[in-house]
Amino acid sequence: MILTSPYAPVAEQTSADYQLFLPTFARILKVEQLTALEKVFTLRLPDGQPLGHRPGQFVEVSVLGVGEAPISISSSPSRSEDTFEMCVRKVGDVTSAIHRLGPGDKIGIRGPFGRSFPYEKFRGKDILFAPGGLGLAPLRSLINQVLDERALYGRVILLYGARNPSELLFKDELKRWSERSDVEFHVTVDRGDETWTGNTGVITTLFSHISIYPRNTVAATCGPPVMYRFVLMELFGKGISEGNIWLSLERRMKCGIGKCGHCQINNVYACQSGPVFSYKEIKGLEEAL
Amino acid sequence: MSLTILQKKDLNHFIERLLAQYRVAGPTRSNGGCAFDLIDDPVDLQLEYATTILPPKKYLLPPQEILFEFNKDENGAVHPPKPDQPTVIFGVHTCDLHAIQLLDTVFSNGHPDSIYMDRRKNTLIVSVECLTPCDEHSFCKSMGTLSADEGYDLHLTDLGDAYAVEIGSEAGAELLQNANNSSPSKENIQQLNAVLSEKWPKFPYRLNFDVSDLPSLLSMSMKSPLWNELGERCLACAACTNVCPTCFCFDVKDEIELDLRRGQRVRMWDSCQLDEFATVAGGHNFRKSPASRQRHRFMRKGKYILEAHNHLGCVGCGRCARACLVDITPVGVFNELHRQLEVEGKL
Numbered sequence: 001m002i003l004t005s006p007y008a009p010v011a012e013q014t015s016a017d018y019q020l021f022l023p024t025f026a027r028i029l030k031v032e033q034l035t036a037l038e039k040v041f042t043l044r045l046p047d048g049q050p051l052g053h054r055p056g057q058f059v060e061v062s063v064l065g066v067g068e069a070p071i072s073i074s075s076s077p078s079r080s081e082d083t084f085e086m087c088v089r090k091v092g093d094v095t096s097a098i099h100r101l102g103p104g105d106k107i108g109i110r111g112p113f114g115r116s117f118p119y120e121k122f123r124g125k126d127i128l129f130a131p132g133g134l135g136l137a138p139l140r141s142l143i144n145q146v147l148d149e150r151a152l153y154g155r156v157i158l159l160y161g162a163r164n165p166s167e168l169l170f171k172d173e174l175k176r177w178s179e180r181s182d183v184e185f186h187v188t189v190d191r192g193d194e195t196w197t198g199n200t201g202v203i204t205t206l207f208s209h210i211s212i213y214p215r216n217t218v219a220a221t222c223g224p225p226v227m228y229r230f231v232l233m234e235l236f237g238k239g240i241s242e243g244n245i246w247l248s249l250e251r252r253m254k255c256g257i258g259k260c261g262h263c264q265i266n267n268v269y270a271c272q273s274g275p276v277f278s279y280k281e282i283k284g285l286e287e288a289l
Numbered sequence: 001m002s003l004t005i006l007q008k009k010d011l012n013h014f015i016e017r018l019l020a021q022y023r024v025a026g027p028t029r030s031n032g033g034c035a036f037d038l039i040d041d042p043v044d045l046q047l048e049y050a051t052t053i054l055p056p057k058k059y060l061l062p063p064q065e066i067l068f069e070f071n072k073d074e075n076g077a078v079h080p081p082k083p084d085q086p087t088v089i090f091g092v093h094t095c096d097l098h099a100i101q102l103l104d105t106v107f108s109n110g111h112p113d114s115i116y117m118d119r120r121k122n123t124l125i126v127s128v129e130c131l132t133p134c135d136e137h138s139f140c141k142s143m144g145t146l147s148a149d150e151g152y153d154l155h156l157t158d159l160g161d162a163y164a165v166e167i168g169s170e171a172g173a174e175l176l177q178n179a180n181n182s183s184p185s186k187e188n189i190q191q192l193n194a195v196l197s198e199k200w201p202k203f204p205y206r207l208n209f210d211v212s213d214l215p216s217l218l219s220m221s222m223k224s225p226l227w228n229e230l231g232e233r234c235l236a237c238a239a240c241t242n243v244c245p246t247c248f249c250f251d252v253k254d255e256i257e258l259d260l261r262r263g264q265r266v267r268m269w270d271s272c273q274l275d276e277f278a279t280v281a282g283g284h285n286f287r288k289s290p291a292s293r294q295r296h297r298f299m300r301k302g303k304y305i306l307e308a309h310n311h312l313g314c315v316g317c318g319r320c321a322r323a324c325l326v327d328i329t330p331v332g333v334f335n336e337l338h339r340q341l342e343v344e345g346k347l
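Keeping their order, the protein sequence lines are chains A and B. According to the working numbering, the residues represented by the first sequence are 1 to 289, in order. According to the working numbering, the residues represented by the second sequence are 1 to 347, in order.
Isolated chain A, as found in the complex (with noise of 0.2 Å):
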């Protein structure tokens, strides 16, 4: 029925010494238009200091006078140590701001905060990466810091898919994503274009791609929220057991803290105890899907 311990997992909070509310205050290095409507934005906060983010984490990034939003963090641990990064679609009031703030600007940053892929865990284990859309921006994080550690895994099975070529995100780095021997690496749109040679159809169509070995799988997925259960079913029907399907769910998140209740799913808040969660511990709860 419910989570053993649904509001347990405080203790991934890091940077303890900030105010509850007060922003610090992070420099725009570089900002990269990867879309029509996302951007990539390379953050340095005070001194260099480190964020001491883990993949899957997130950050309530603010414009002062517009307010303030949860963004994922999409670089990883093994490549931020005195940066970080995050992929911002423009959609709303904050992320139009951010989208309108160039290098040297400053932007507010609280956390990072929540649960994130237990990826220490994964070790061992072939990992399947399933991110649709923007879903590729957290999955981005993790996927990055096990290939700083390839060895520690066993194969790696990427499959992404997007709506149409132009919303694929991270170009370069899917390019270099297909070209490593050591990455199973499949790509489709829902509708491709008079340049597009690749599958189409959607991310769910890839799956007949592959074969696993699904006792010594874990699979890590993350995208629109019409998408988990097609793939979900997708991942059940490779034989992949719920303990080790991992999903990071979106929700509205104020505060970041386990209080403003916007992200509650059920009688867990989001923000605490995800957004990071397994299969299995979050398929009792009717609104998480």
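Think of the hints as simulated: they come from the structure by calculation, not from any bench. Certain hints may be false.
[Stated by the list, open to error] Lysine-lysine pairs mimicking DSS-like chemistry, simulated, CA-CA at most 27 Å apart:
#1 A:Lys90 / B:Lys253
#2 B:Lys288 / A:Lys283
#3 B:Lys199 / A:Lys283
#4 B:Lys82 / A:Lys106
#5 B:Lys253 / B:Lys72
#6 B:Lys72 / A:Lys30
#7 A:Lys90 / B:Lys82
#8 B:Lys199 / A:Lys90
#9 B:Lys9 / B:Lys288
#10 A:Lys39 / B:Lys141
#11 A:Lys280 / B:Lys288
[As the list claims (entries may be wrong)] Between beta-carbon pairs, the in silico distance windows are:
#12 B:Thr105 / A:Phe230: 38 to 48 Å
#13 A:Phe236 / B:Glu229: 28 to 38 Å
#14 A:Arg176 / B:Lys223: 46 to 56 Å
#15 B:Lys288 / A:Thr197: 51 to 61 Å
#16 B:Met222 / A:Phe236: 17 to 27 Å
#17 B:Asp118 / A:Thr195: 56 to 66 Å
#18 A:Ser181 / B:Gly231: 28 to 38 Å
#19 B:Met220 / A:Ser181: 47 to 57 Å
Just so it is clear, CB atoms sit at the ideal spot from N, CA and C, and this is done for glycine as well.
Chain A is already provided as a structure; the job is to place chain B on it using the hints.
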């Protein structure tokens, strides 16, 4: 801690002394009823009152409060607000006292909310024993909030000519310095016992089951057809959550002056009953139907909050029932769920 006696004739003097040191809030006459307000004269205080529209929560978690002020010309510097003056909330009913204990737990559990906690440390509570039910919507007796053993600094019980004053904290004891209070006589104790035993039968039980069964009753009612019925009636006006002494969900917004440089980040009460509460920027609403939002509200009140914080999320004050324009009441909902499960043979 201990009991002392304060004569009624000495009460105003006692409050005048408080006013010299503290902001004092308490029930005052307002629009034919009573409302918690700041007082500057003890005569304005109405200690015998039948509930208020808004609970005293507003002095601990204000409807809107500044988290910090900023000036964009200051290169990202932000300024937290100055702390409030020390405050005494006078005349708190025991249902509201239980609600404040819940808020204290919520805001200190896990990642403590220093803004609430700082204000709470700066606030003293003088509660009063309720001797008659507020109205037909009160169900404090069913919720176990008709009395309180803790959570107050002082607790007053009306003995006629005097108040029996239970001292609940050292800070409460300090308030009484030079208050002309006296040790209770044997007669005072007898009076207190008589008042409390006369009071008890005046309050009805309104739930048709024991409140300890409420969480499991709700667990079994996730799929109840009642939620759809409530969803069809609910106007999603959020009156229920706005008047609730235990609702603590909030929104955070920025407000900017016309110069577009100076501004403030504020937090304000929010409501899970509003359409946009669980809507993310892309437009997906994770609790789209009013039925799902009503269910969420009652699940929080009787189950989720209890599981998380070991306090029931409802204290039986009846405010939401009085405020609801379409007569959705917790007593009605909880009893109907109980009836449905009984009919289904699940109890």
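Mind listing which of the numbered hints don't hold for this structure, in increasing order?
Per hint list: 3, 7, 8, 9, 10, 15, 18 violated.
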